[in-house]
Structures are given as structure tokens and as C-alpha cells.
Amino acid sequence: FAPERAQESHLRLLSQVIFPSLAPVVMRRSEAGIYPQAVDLFFDEPKMELRVATDKIIDSSGQLLGFVKIVHDRSREIELLRSKTEFIAVASHQLRTPLTSLHWALESLAKQNLEASEKELVNTGLEASVKLLKIVNDLLDVSKIEEGRFGYQFENVNIISFIEEIIKSMKDFAKQFGIKIYFQKPTEPSIALSVDPQKLSMVVSNLLDNAIRYNVPNGEVTVAVERVKNQSYIKISVKDTGIGIPADELNKLFSKFFRAENATKFYPEGLGLGLYIVKNIIKRHGGQIWVESEINRGSTFYFTLPTDPKLIPPKEIVYGEE
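First residue of the sequence shown? That's 323 in our numbering, and the numbers climb one at a time after it.
Quick caveat, the hints were computed from the structure, so don't treat them as lab data. One thing to keep in mind: the hints can contain errors.
To be verified - Now the in silico label distances, taken between C-beta atoms and shown as ranges:
id, residue 1, residue 2, range
1, Gly388, Glu367, 26 to 34 Å
2, Leu455, Asn552, 39 to 47 Å
3, Ala450, Ser483, 52 to 60 Å
4, Pro346, Phe389, 20 to 28 Å
5, Lys637, Lys587, 36 to 44 Å
6, Arg334, Asp570, 26 to 34 Å
7, Lys637, Ile410, 17 to 25 Å
To be verified - List of simulated lysine to any residue pairs, SDA-like, C-alpha gap at most 25 Å:
id, residue 1, residue 2
8, Lys551, Thr629
9, Lys493, Ser451
10, Lys605, Lys433
11, Lys456, Lys578
12, Lys433, Val452
13, Lys406, Phe341
14, Lys466, Lys551
15, Lys441, Asp460
16, Lys466, Phe579
17, Lys561, Glu591
For every residue, glycine included, the Cβ atom is placed at its ideal position computed from N, Cα and C.
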């Protein structure tokens, strides 16, 4: 089959499966050069999502005979997921309006001249409303991500001053836990990147929040920025001296609704959506995210961002369970 036949309408889809680089949108699911290879292909006309696995055919002497491709049409699965996501979005949206009204009412009440016991009761309700609103907002964010309508707006920022501002905004929160935050800047004063400031702020704030919340008393958090050698990327790390993550749970950490067992005991609240959202934002920026951790010694979250805007994916895609 010759690639030039890809323009023939009756062969277009087949050619794009055989040669994935011809497809409108391609997402690699495996490491380059290592078999089996897996890619997701996305089509608009007709609306379709295919997962294509490619493996080598090798004879008993180790000679390469050819390749085999397995094509899995995931369109129906995606449609079912979309229906579930729409339900969550509608339910969350319906919950957010009364919750916001309740939060405002409690906030106004907390400012009144109340008895000590009454003030304590109102503050308890206020804290609960904040937690509930965060859960609802996380659910809404996940539904927007999975529908491909999270709404990214890219612009050029100086990533060093950008991160510095977020760290400053988190210092009062860190003080509540007795945690000190340090920022290791690169030697260059400015590194310009194309990012969505609001979305990337969610990433850094979430990683800092976790690094503070799951730390030990008088612990430390260190944020570092550096260029990746010989690549058009920068690497940002958030290192803590906290409780760590069990080794057998690291590969599930960025999954939806997953929380490490020791984290659940340490801080019972939370749905396990934060890192799933973080991963999707980083992937949409053309970067990667991973973690290294040791129990009772702490964790370091790393993520990369491209310095070349051409490396940013052209289309919003959900990065689910890989």
C-alpha cells in the first residue's frame, strides 16, 4: 500500500490507520521505538476514535518478517463516557448554584456580631461549604476536560516570575502548616513560554497545595526551574519532605478518583481529581508529568513544558487512563 494513495476517498481511512502520521490528530500512547506501539487516532468525518496497536512479527531465528496492526474502535466507549460526563456536568452545575448562595450567606453571617458558640457553628458551616464547592468545581472541570471544552487561551509569559507569584500567594497557607517554600531559579532572569496562565496556575497551585498539606511539621517545599539539556523544553519540579507515596501506587496516582492509601488516612477529604486534572493540563501544553517518591522521605513531582510553541498539541484532547 503506497502512502500517495491516501488521497483516494475510499482508501483515506485505511491509509491513515496504516500510516498514523496522516491522521488529523494522533496521540502516542507508548514510548517511541519500543514495541508494541500504541497510538490513538481521532477523526471528525466520520466522528471516530481508534486505538491502533502495532507489533513486530519475528520468526524463530529472530528475523523480522513484518508487522501486525490491531485496530480497536473506541467510538462507542467514548460516546458512553460522554453521556456519563454530561450527567456529572449537569448535576454539578445544579449543585453549584445553591452551594454558592449558601456560602455567601454563611460568609455574611460570619461577619456579624455573634456569640462565640454561634460564630464557631457558622465557621464550621463555612469551611464545609468551601470544601463542597471545591469538589463541585473539580467535577465540572473534569467534565469540561472530557468533553474537550476546557477552553485553553495561550499567551506568552515569563515562567520564572509566573511561578514566583504563585509561590508568594501560597506562603500564608504554608505558614498554617509550619512549612517553608523555597524557589530555585535558573541563572537566566526570564524564560518565555506559550501557556494558558489560568490553567497552568491550577497545576502549580495544586502541586504546592499537596506538597504543603501532605508534609510533616516544619517541613520544606522546594520549587525548581531548569532547561532540559539539548531539548526544547523546561523542567519544573516541586519537592517536599512529606509522607511520600507507596511505590505500588505511583502508577495509579494520575488516575481519576485515585488517592494513595496513606494520603487518605493523613487527609480524609478529597475526591482524587486534582492530579488527573493536572495531568490533562500539562499534556495539553505539550509536556509530560511524573513523580518520584519514597515513604516517609517525601515526593518530587516533575513536569515539562515546551519552549517551542510548535510542540503544543493543536487540539484539545482528553488524556484518560493510559
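These are the hints, each one checked on the structure:
1. As the Cβ distance of Gly388 to Glu367 is approximately 31 Å, the hint placing it in 26 to 34 Å holds.
2. Range check, Leu455 to Asn552: Cβ separation about 45 Å, and the 39 to 47 Å hint holds.
3. Taken as a hint, the range 52 to 60 Å is violated for the pair Ala450 and Ser483, whose Cβ atoms sit roughly 36 Å apart.
4. Take Pro346 and Phe389: their Cβ atoms lie about 23 Å apart, and the range 20 to 28 Å holds.
5. For Lys637 and Lys587, the hinted distance range of 36 to 44 Å is satisfied, since their beta carbons lie about 40 Å from each other.
6. Between Arg334 and Asp570 the CB atoms are about 45 Å apart, so this pair departs from the stated range of 26 to 34 Å.
7. The hinted range of 17 to 25 Å is satisfied by Lys637 and Ile410, whose Cβ atoms lie roughly 23 Å apart.
8. For the hint pairing Lys551 with Thr629, the CA-to-CA distance comes to about 12 Å; that is within 25 Å, so the pair holds.
9. Between Lys493 and Ser451, the direct Cα distance comes to roughly 23 Å. Compliance with the 25 Å bound is thereby established for this hinted pair.
10. Of the supplied pair hints, the one linking Lys605 and Lys433 is violated, its CA atoms being roughly 43 Å apart against a limit of 25 Å.
11. Between the alpha carbons of Lys456 and Lys578 the distance comes to roughly 16 Å, so the proposed pair stays at or under 25 Å and holds.
12. At roughly 16 Å between alpha-carbon atoms, Lys433 and Val452 fall within 25 Å of each other, so this suggested pair holds.
13. Between Lys406 and Phe341 the alpha-carbon distance is near 33 Å, which puts this suggested pair outside the 25 Å criterion.
14. For the given pair, Lys466 sits about 35 Å from Lys551 by alpha-carbon distance, which is inconsistent with the 25 Å threshold.
15. Between Lys441 and Asp460 the CA atoms are separated by roughly 29 Å; this puts the pair beyond 25 Å, and the hint is violated.
16. For the given pair, Lys466 sits about 16 Å from Phe579 by alpha-carbon distance, which is consistent with the 25 Å threshold.
17. Taking the CA atoms of Lys561 and Glu591, the gap is about 22 Å. The hint holds against a cut of 25 Å.
The structure fails hints 3, 6, 10, 13, 14 and 15 (numbered hints given earlier, in ascending order).
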